[in-house]
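Enquirer: Please put together the full structure from these sequences, using the hints given.
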Amino acid sequence: GAGVSQTPSNKVTEKGKYVELRCDPISGHTALYWYRQSLGQGPEFLIYFQGTGAADDSGLPNDRFFAVRPEGSVSTLKIQRTERGDSAVYLCASSLQRDQPQHFGDGTRLSIL
Amino acid sequence: AQSVTQLGSHVSVSEGALVLLRCNYSSSVPPYLFWYVQYPNQGLQLLLKYTTGATLVKGINGFEAEFNKSQTSFHLRKPSVHISDTAEYFCAVGDTVRRALTFGSGTRLQVQP
Numbered sequence: 469g470a471g472v473s474q475t476p477s478n479k480v481t482e483k484g485k486y487v488e489l490r491c492d493p494i495s496g497h498t499a500l501y502w503y504r505q506s507l508g509q510g511p512e513f514l515i516y517f518q519g520t521g522a523a524d525d526s527g528l529p530n531d532r533f534f535a536v537r538p539e540g541s542v543s544t545l546k547i548q549r550t551e552r553g554d555s556a557v558y559l560c561a562s563s564l565q566r567d568q569p570q571h572f573g574d575g576t577r578l579s580i581l
Numbered sequence: 208a209q210s211v212t213q214l215g216s217h218v219s220v221s222e223g224a225l226v227l228l229r230c231n232y233s234s235s236v237p238p239y240l241f242w243y244v245q246y247p248n249q250g251l252q253l254l255l256k257y258t259t260g261a262t263l264v265k266g267i268n269g270f271e272a273e274f275n276k277s278q279t280s281f282h283l284r285k286p287s288v289h290i291s292d293t294a295e296y297f298c299a300v301g302d303t304v305r306r307a308l309t310f311g312s313g314t315r316l317q318v319q320p
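Sequences listed follow chains A and S, in order.
Under my numbering, the first residue of the first sequence carries the number 469, and numbering increases by one thereafter.
Under my numbering, the first residue of the second sequence carries the number 208, and numbering increases by one thereafter.
Check the hints yourself; a few may be wrong.
Unchecked claim - Not close to chain A: a few residues of chain S, all C-beta gaps over 10 Å, as computed:
#, residue
1, Leu-225
2, Gln-249
3, Lys-256
4, Ala-294
To be verified - Residues from chain S that face chain A, not an exhaustive set, calculated with beta carbons under 7 Å:
#, residue
5, Tyr-246
6, Gly-250
7, Leu-251
8, Leu-253
9, Lys-265
10, Phe-297
11, Ala-307
12, Gly-311
13, Ser-312
14, Pro-320
I should point out that these hints are in silico values taken from the structure, not numbers from a laboratory.
Glycine included, each C-beta is placed from N, C-alpha and C at the ideal position.
Expert: Laid out in structure tokens, this is it:
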């Protein structure tokens, strides 16, 4: 079956611009997670959705980062006034329920020039 | 708070050799433990997981890991590696309180012919 889909796979933009990253989870998965992976590091948690609501957003680095999941399926991670330090691979994962293993997408590689 | 330490950022072995990748964790509540593999330009793929029960966990592709509560370890091993096992391996910890995973910094495994 279809896995977690993330678009775009690559995004290059200039400092100060606004970007949106999309995640389409596995059908029926109620839990959705965003992580950020910098070069040579493990993924770092950003935000977790259970259904439509953000159950834990403690990993968002500052108020330039925001995420939504309005219908409990597709999620969008939004970054305002991008900075060069935001360059990383942004990974999305979903799971059937809260305590089930997370399945990851291939990520969006974001480069801020 | 949770944390994961992976000893050895790079490991190089010959094809057919035994490999052991080390992982130590810290968690204030009973942990869930995972090993994920990441191939270049791809997302993370679950190798195996420990939640409760038997401490020796078998995963895909011939990998296994043993949960040791007293040593707070969850080392990954494979008796005979193949060139196709060349990838980056991440250990992660989760729990029933905080749904998000905390990852180690990864170990890059290089299998030589």
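Enquirer: Any CB of chain A closer than 7 Å to the CB of S/Tyr-246?
Expert: 10 Å, violated
Enquirer: So, as I understand it, the hint says S/Lys-265 touches chain A; can you test that by seeing if any CB pair is closer than 7 Å?
Expert: 15 Å, violated
Enquirer: Restraint: S/Leu-253 near chain A, CB-CB cut 7 Å. Satisfied or not?
Expert: 5 Å, holds
Enquirer: For the restraint on S/Ala-307, tell me whether the closest CB of chain A is nearer than 7 Å.
Expert: 4 Å, holds
Enquirer: Taking the minimum C-beta separation from S/Lys-256 to chain A, is that value above 10 Å?
Expert: 6 Å, violated
Enquirer: Taking the minimum C-beta separation from S/Ala-294 to chain A, is that value above 10 Å?
Expert: 14 Å, holds
Enquirer: Minimum Cβ distance from S/Gly-311 to chain A below 7 Å?
Expert: Interface hint status for S/Gly-311: holds (5 Å vs cutoff 7 Å).
Enquirer: Since S/Leu-225 was said not to touch the interface, does its Cβ keep a gap of more than 10 Å from each Cβ of chain A?
Expert: 24 Å, holds
Enquirer: Does the nearest C-beta of chain A fall within a distance shorter than 7 Å of the C-beta of S/Leu-251?
Expert: Status holds, d = 4 Å.
Enquirer: Does the nearest C-beta of chain A fall within a distance shorter than 7 Å of the C-beta of S/Phe-297?
Expert: Hint on S/Phe-297: holds, closest Cβ of chain A at ~5 Å, below 7 Å.
Enquirer: For the restraint on S/Gly-250, tell me whether the closest CB of chain A is nearer than 7 Å.
Expert: 4 Å, holds
Enquirer: When the nearest CB of chain A is found for S/Pro-320, is that gap smaller than 7 Å?
Expert: The hint is violated - S/Pro-320 has no Cβ within 7 Å of chain A, the shortest such distance being about 25 Å.
Taken one by one, the earlier hints fail for this structure at numbers 2, 3, 5, 9, 14, listed in ascending order.
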